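Chains as they are written, first to last, in the working numbering: chain R, 837 to 1175; chain D, 837 to 1175.
Treat the hints as calculated values from the structure; they're not laboratory data. Just so you know, these numbers come straight off a predicted model, no measurement behind them. Please note that the accuracy of each hint is not assured.
[What the hints assert, rightly or not] Here are the simulated DSS-like cross-link-like pairs (lysine-lysine), alpha carbons at most 25 Å apart as the crow flies:
| id | chain 1 | residue 1 | chain 2 | residue 2 |
| --- | --- | --- | --- | --- |
| 1 | D | Lys890 | R | Lys1035 |
| 2 | R | Lys1112 | R | Lys1035 |
| 3 | D | Lys1112 | D | Lys1035 |
| 4 | D | Lys1062 | D | Lys849 |
| 5 | R | Lys1062 | R | Lys1035 |
| 6 | D | Lys912 | R | Lys839 |
| 7 | D | Lys1062 | D | Lys1109 |
| 8 | R | Lys849 | D | Lys849 |
| 9 | R | Lys839 | D | Lys849 |
| 10 | D | Lys839 | R | Lys849 |
| 11 | R | Lys839 | D | Lys867 |
| 12 | D | Lys863 | D | Lys1112 |
| 13 | R | Lys912 | D | Lys839 |
| 14 | R | Lys1109 | R | Lys1062 |
| 15 | R | Lys890 | D | Lys1035 |
| 16 | R | Lys1109 | R | Lys863 |
| 17 | D | Lys1132 | D | Lys1062 |
| 18 | D | Lys1035 | D | Lys994 |
| 19 | R | Lys849 | R | Lys1112 |
| 20 | R | Lys849 | R | Lys863 |
| 21 | R | Lys912 | R | Lys890 |
| 22 | D | Lys890 | D | Lys912 |
[Claimed, not checked] Here chain R is said to cover these stretches of chain D; the calculated rule only asks that three of the stretch's residues, wherever they fall, bring their Cβ under 8 Å from a Cβ of chain R:
| id | segment |
| --- | --- |
| 23 | 910-924 |
| 24 | 937-950 |
| 25 | 1124-1135 |
| 26 | 1152-1166 |
Don't be surprised by glycine CBs; every beta carbon is placed ideally from N, CA and C.
Number of protein chains: 2
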Amino acid sequence: MDKRLGERTVRFKNGVYIKGCASIVEKTEEKGPFGEYFDVVMSDDLWEEESWEKTERKMFRTAVDIASAKAGVELKDIRYLLGGDLLNQIISASFSARDLSLPFIGLYGACSTMSESLMIGGMLIDGGFADWVACATSSHFATAERQYRFPLELGTPKTPTSQRTVTGAGACILAESGERNDPKVTMCTAGKVIDFGVKDANNMGAAMAPAAAETLITHFEETDRKPEDYDMIITGDLGTFGSEVLKDLMKDRNIRIDDNYRDCGADIYRGLKDIKCGGSGCGCGAVMLSAYYIRKMMEGEISRILFTATGALLSPTSSQQGESIPSIAHAVAIEREGE
Amino acid sequence: MDKRLGERTVRFKNGVYIKGCASIVEKTEEKGPFGEYFDVVMSDDLWEEESWEKTERKMFRTAVDIASAKAGVELKDIRYLLGGDLLNQIISASFSARDLSLPFIGLYGACSTMSESLMIGGMLIDGGFADWVACATSSHFATAERQYRFPLELGTPKTPTSQRTVTGAGACILAESGERNDPKVTMCTAGKVIDFGVKDANNMGAAMAPAAAETLITHFEETDRKPEDYDMIITGDLGTFGSEVLKDLMKDRNIRIDDNYRDCGADIYRGLKDIKCGGSGCGCGAVMLSAYYIRKMMEGEISRILFTATGALLSPTSSQQGESIPSIAHAVAIEREGE
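Bound conformation, chain R alone (with noise of 0.2 Å):
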């Protein structure tokens, strides 16, 4: 229990490398800002397959093969897969590592898994019992429709604060091993599950904007840190009305993050029409971390982030029978030695 900075943050003691990290996305992503960042645009949203649940886990598995190439990883060298996304039963996830042949550890934590993958990769190596691992997560817009709300060819219009699922996947592989300017994972504190009591579950935003603000406190109180700190302080999907929340929360408490706060569900469609509070999903910001965030500090742009993917963790069972939103957020610091 050497590695505890407080009752929910660790520090890894041996240094945790990003390697490699791929993200894949539809055209609709491509239109916003951060098109040119995505390694695949698939050319539509079944990408050769016959079922968009088809295309998820096609997505997903291309995601980890590009990333453990960019690593310079032999598949057969990675110790676990560490994933999940938002289908029942994470399929995608687990179709995957059949077809990838990986020694798999199934998660589930809504969209914030991409930070609890890295969380719990970042453990397994820094604690010696893994030299590569791969992190990864998907979403689809139209299977997560189907599957949450109502199938698409209903053409049931949706709410103001409504987000739209990100089609898309991102992979991160972690070593144990690496050079001395790439980016590492160097601490996390992990979420608890906070409900304010929001029911909407087309406000998911308003809903897992309260976690967000307990872990991030939660982080700067144990590891001493101040938001400014950070080059950027990045959640997941909040969308543009739950980053809103956010910002006002952490006021409340004298914690100003404005300035270098960016939320990946309010800023990957940023500017598109039709698109009502932003993007969402385990996608979202799994391929905003992968193709935009690691890339800059791989390039030497930035080199201080904290990632902090948030997850809803409700169910359609748990809202038609009446209950709140339970949501999640674990919180990632990645960081960079300079030249």
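Fit chain D to the given chain R structure using the hints.
Using the frame of chain R, we list chain D on its own:
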């Protein structure tokens, strides 16, 4: 990476102690041959809640509460709750984590979740990231039937190879320190996702047996142990049919496990009328391990077991789309020193 014994197996260096376990079941499980060992037998399948889903949460939460009390640790001192269940978006585990106010790592490995959580929980302790963790899973006959098969109200007949989802929640508390005679998690072999092409969702034992065989064979190879080095080799819920398939698959590789092999699913309802191929579900292996096997280790009757819970990683959607059933098994060695 100093804790590996081969490609898939890790050995803990510092000792991961099992300090307390708890199990909660319903009357059907009490009628089986292990009825006397469970901590709580619910009065009925609702246990004063208004829906079976809420009952399952109460079971999950109560199992963690009782296990913590037995371990002599306060909830606030538990660093992580690791676990999951069979319900979509693992709501039993997530809502329980909210009510228990514990940092939460959501896992999904279908019925393999108990060994997945012991494996990851063990790594978090042995890696120096936690002094106490809670590992828990649950399943409930009524919630699983209506989600995966048919609402109970329909009275749908069972196929000959079907298994009954165990109504049960099991929890184990792991700690970084303990007494010399406490059971300890010593080694873990992670599963790959194995798929022999079985498509019959009413015959999951047959689908999962190859995954159990592959993990067991890997474990014996990498640890240089033989089946007879264990007092018991225990699978989670292959059922009476699936466990025969496993013995045959092992025999094909010249490994004989018949003498000390038990399957929790085949055993839990043994002798009960109208239960076809035994029990299944996350809760099955969890309650048998927590109630019986760990207790027998604590009492000194057995001293070395290999707990290998298996999971069928299908979803109703993947089955409807004609997919086969990918499966996984993680093996966890639990040992106790002699008097």
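Okay, the hints, checked on the actual structure:
1. Lys890/D with Lys1035/R: 17 Å, holds
2. Lys1112/R with Lys1035/R: It holds: about 19 Å lies between the C-alpha atoms, which stays within 25 Å.
3. Lys1112/D with Lys1035/D: Satisfied, since the Cα-Cα distance of roughly 19 Å is no more than 25 Å.
4. Lys1062/D with Lys849/D: Holds, at about 21 Å.
5. Lys1062/R with Lys1035/R: The given pair, whose Cα atoms are some 32 Å apart, is violated under the 25 Å limit.
6. Lys912/D with Lys839/R: 19 Å, holds
7. Lys1062/D with Lys1109/D: 36 Å, violated
8. Lys849/R with Lys849/D: 17 Å, holds
9. Lys839/R with Lys849/D: 16 Å, holds
10. Lys839/D with Lys849/R: Since the Cα atoms of Lys839/D and Lys849/R sit roughly 16 Å apart, the hinted pair holds (cutoff 25 Å).
11. Lys839/R with Lys867/D: 46 Å, violated
12. Lys863/D with Lys1112/D: OK: Lys863/D and Lys1112/D at ~18 Å, within 25 Å.
13. Lys912/R with Lys839/D: 19 Å, holds
14. Lys1109/R with Lys1062/R: 36 Å, violated
15. Lys890/R with Lys1035/D: 17 Å, holds
16. Lys1109/R with Lys863/R: Satisfied, since the Cα-Cα distance of roughly 14 Å is no more than 25 Å.
17. Lys1132/D with Lys1062/D: This hinted pair holds, its Cα atoms lying about 22 Å apart.
18. Lys1035/D with Lys994/D: 17 Å, holds
19. Lys849/R with Lys1112/R: 43 Å, violated
20. Lys849/R with Lys863/R: Distance of about 41 Å is beyond 25 Å: violated.
21. Lys912/R with Lys890/R: 23 Å, holds
22. Lys890/D with Lys912/D: Holds, because 23 Å separates the two Cα atoms, which is no more than 25 Å.
23. 910-924: holds (count 5)
24. 937-950: Since three or more residues must qualify, the claim that chain R covers the segment 937-950 of chain D holds, with 10 doing so at under 8 Å.
25. 1124-1135: violated (count 0)
26. 1152-1166: Holds, because 7 residues of the segment 1152-1166 of chain D bring their Cβ atoms closer than 8 Å to Cβ atoms of chain R.
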